[in-house]
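Asker: Residue-level listing of the chains:
Number of protein chains: 2
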Amino acid sequence: MSKQNHRNKILAAGLAVFHEHGFNGSGVQDVVSFAGVPKGSFYNHFKSKEALGLEVLDAYWEAGTEGRDVLRASGVPPLKRIDRHLTLFGYDKNGCLVGNFSAELAGIDEIRYRLAELYETWIDEVAICIREGQLDGTIRDDDKAANLAEFVVEGIEGAKLKAKIDQDPGAVNRYRKSIRLFLQSR
Amino acid sequence: MSKQNHRNKILAAGLAVFHEHGFNGSGVQDVVSFAGVPKGSFYNHFKSKEALGLEVLDAYWEAGTEGRDVLRASGVPPLKRIDRHLTLFGYDKNGCLVGNFSAELAGIDEIRYRLAELYETWIDEVAICIREGQLDGTIRDDDKAANLAEFVVEGIEGAKLKAKIDQDPGAVNRYRKSIRLFLQSR
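In the order they appear, the protein sequences are chains A and V. Each residue of the first sequence is one higher than the one before, counting from 539 in the numbering used here. Each residue of the second sequence is one higher than the one before, counting from 539 in the numbering used here.
Don't take each hint at face value.
Some chain A residues near chain V, calculated using beta-carbon distances under 8 Å [claimed, not checked]: (1) Ala550; (2) Leu553; (3) Ala554; (4) His557; (5) Glu692; (6) Pro707; (7) Arg714; (8) Leu719.
Source of the hints: derived by calculation from the structure; they are not laboratory data. Model, not experiment: these values are computed from the prediction. Glycine is no exception: its CB is placed at the ideal position from the N, C-alpha and C atoms.
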């Protein structure tokens, strides 16, 4: 196996293991076992478990690109785009890695700063879509798009936590319906 | 020190340590060091770290009784009661223990079942208040009180996660304003 292959396997294993068992709930040994590479290989590629955590977060974010792209789908009404976005970021039995890391790793500054950047980017992307809906009259305009967007993003994190506890997608589906009620102009 | 004293000290230490560093981010040694009791004492009182985790969750919930009682404050308009409730469950630099445990410990069935019960009770308490507001015309009635209440509870969890990442109460304060916009009749 090439070195790059080992690195990729460790990264993919880190994503799977940290998402299912939590960052502090799993060790480097769990990651290399899952990856099927020798433990010594880990430190050739990552300077620490925290360094892998940061790359895992970026890989998770990257994997969500398509789910954020729907927010800019031209020809689709803004409320519909938001609903599609939330559907694509819907139920996962392990919850959302961004939410999980927020709960677990806010004490590690490097990870906290990265999470803050991801939230900011995410909220901005939702806000641009909401702003379009405010301009075409389909979305309420009694608050700034940025505030409404923050509420949408925080809500999906909360709903995904709840769905994880229920081990059932119901909470996420009900949340999508509530967000539509919240956002639509009356 | 009496045995009961040791037990209480371990429970209080568990709450402080698990809340700040996470359940998997801290060990029994951290808890007994914080409590100032010998490690041997731990297993005289708790059969496992998970057993302590469950009692810590109950103690945290118990400590929030006053913050939930405001939901039933007679003579106070329902929207105002919800705002007070969310203010009392507001910013904490360590986030909400219910949310943190949801993110971290859903894989431990005993803790997951307890979390599910707590969410259900919490949502019911908010729903009763919302129902009152629907009956007096101050809260929207285009969805069931139970659904609106679930949205409120999930949202505060999401907002507390975000505030923990920001290390700033702003997200929680903006969330309270958004919930008022969401709930009020128009």
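Asker: Does each hint fit the structure? Answer for all of them.
Answerer: Okay, the hints, checked on the actual structure:
no.	hint	in the structure
1	Ala550	violated (20 Å)
2	Leu553	violated (16 Å)
3	Ala554	violated (14 Å)
4	His557	violated (11 Å)
5	Glu692	holds (3 Å)
6	Pro707	violated (14 Å)
7	Arg714	violated (11 Å)
8	Leu719	holds (6 Å)
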